[in-house]
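Position chain B relative to chain A; hints supplied.
Below are the chains, spelled out letter by letter.
2 protein chains.
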Amino acid sequence: MKNQIFEREHQINYYECDANKQLTISMLVNVMMQVSGEQSHELGVGDEELAKKGLAWIVLQYAVDIKHIPTAHQKIKITTQALSYNKLFCYREFHVYDETGTLCVTAKSTFALLNFEKRKMVRIQEETVAPFQAPFSKKLVRTPKPEKVVEEQFTENEYRVRYLDIDTNLHVNNSKYLDWAIDTLDYDFLTTHKLTHLNIKFEKEVYYGNQINSQMSLFENEEGEIISAHRIMTGDVVNSEASMTWKKNGEESNR
Amino acid sequence: MKNQIFEREHQINYYECDANKQLTISMLVNVMMQVSGEQSHELGVGDEELAKKGLAWIVLQYAVDIKHIPTAHQKIKITTQALSYNKLFCYREFHVYDETGTLCVTAKSTFALLNFEKRKMVRIQEETVAPFQAPFSKKLVRTPKPEKVVEEQFTENEYRVRYLDIDTNLHVNNSKYLDWAIDTLDYDFLTTHKLTHLNIKFEKEVYYGNQINSQMSLFENEEGEIISAHRIMTGDVVNSEASMTWKKNGEESNR
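Residue numbers (numbering that gives the first Met the number 0), protein chains in the order written: chain A, 0 to 254; chain B, 0 to 254.
Note that these hints are calculated values from the structure, not bench results. Hints are not guaranteed to be accurate.
[Claimed, not checked] 16 Å max Cα-Cα, derived EDC-like pairs, lysine to aspartate or glutamate:
no.	chain 1	residue 1	chain 2	residue 2
1	A	Lys20	B	Asp166
2	B	Lys74	A	Glu37
3	B	Lys20	A	Glu92
[Claimed, not checked] Derived list of chain B stretches under chain A, where covered just means 3 residues or more per stretch with a C-beta under 8 Å from a C-beta of chain A:
no.	segment
4	4 to 14
5	17 to 31
6	161 to 173
Ideal placement from N, C-alpha and C gives every residue a C-beta, glycine not left out.
Chain A extracted, bound-state conformation (with noise of 0.2 Å):
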């Protein structure tokens, strides 16, 4: 038995790219979920067929490492692959490569299946995974924590959630909260600096007409690296953390 492994080619589309024409980050994950639910689809546990059973897939966490991000045009491959699942979560691995072939992108990836009507978690079913032919393995696998915001030294934006920002799984999609996030970065740090590694993980969800308070601590760590820390927030409760590595335009990315 062997994970499979699924491939597609996507051609980067330019509303799918920022002013500098490169792939935004939200776009790049919105391409990979693509990409895995592409899969599940063909090996008839996709979204319909989960809706059946009133159930759905959500992402509660990915890491993403950037050697560098393709552009406007450019036709990619994204390979995805289930490692592994054990009683709550399903754990997926992604890889980009640009047009030459060369790796540019790796990600990993936690889901779980949601419970429509209740809005809560539910067991891994044996059916719904066995068509990956992923290892059942009771080891939880320990994704590292997004680095933390810094408590009062934060700067914070306002969002009202808006109709387009909801999918069909009735809440705010996963790459809506990264535009929240990216927006607290101003222009000229957009500009100049390239992001090599993100880390996202997702509390709790967020539904139409929910306020949102974006905030972000932007520092160095103990490496040196300039790292964003995020967290999205509707009143008290903490919905999303997340932090992200930044390096400026010229410099080498260690991913």
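Just chain B now, kept in the frame of chain A:
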């Protein structure tokens, strides 16, 4: 000499859809613009070539008729062709066909050439439009104007332009105006109505950091159609006017 017709297929990804799995109007427009950009590129007058001359294509207006909107995972076909041009404007048409080959969307649009540094429209150059093989015609094509917001009878929302709203023309991408417009309509309205017609006119560019006031009046016109009229303002400046025609779900589109 025959106007060049250009054709592309596009698979609709889930992240281009709303909570109902329907392609959003912003993404529909993005896809059409992508295809016209690809035609220009293939004919040797794409963004990169124009940029060398300090020029960029900008869209001034489009009117879109929607018979039905395609949904997630469908493979659609988009055709486009330049219709004619005059001293300042280029006219272009789009057709979108759903997976069964049925025409579902028709759009007419007006483009112009922007001097990138001066941010001013320039005269259309013969060599830039010759490859499209569309005729020169002195005649201005009169596209109907969007219906007007009703003064003192509109609702409004405020937005701050985000970094990711900016495109490679270094102004807010045309599709983002649609996001601001749509967001003034409430969840119940958007989930019980479908868009059958959009007419949007872009008057003045919007830049990073601008404060946006998105105004909207909802009314029935003399033909008994449900209309939302929109105005995008920065301070006292009108940046864009738009109107949308809506049908209750279940009613046929006449478009």
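So, going through the hints one by one against the coordinates:
1. Lys20/A / Asp166/B: holds (8 Å)
2. Lys74/B / Glu37/A: holds (14 Å)
3. Lys20/B / Glu92/A: violated (26 Å)
4. 4 to 14: holds (count 3)
5. 17 to 31: holds (count 9)
6. 161 to 173: holds (count 8)
Checked against the numbered hints above, the structure breaks only hint 3 and satisfies the rest.
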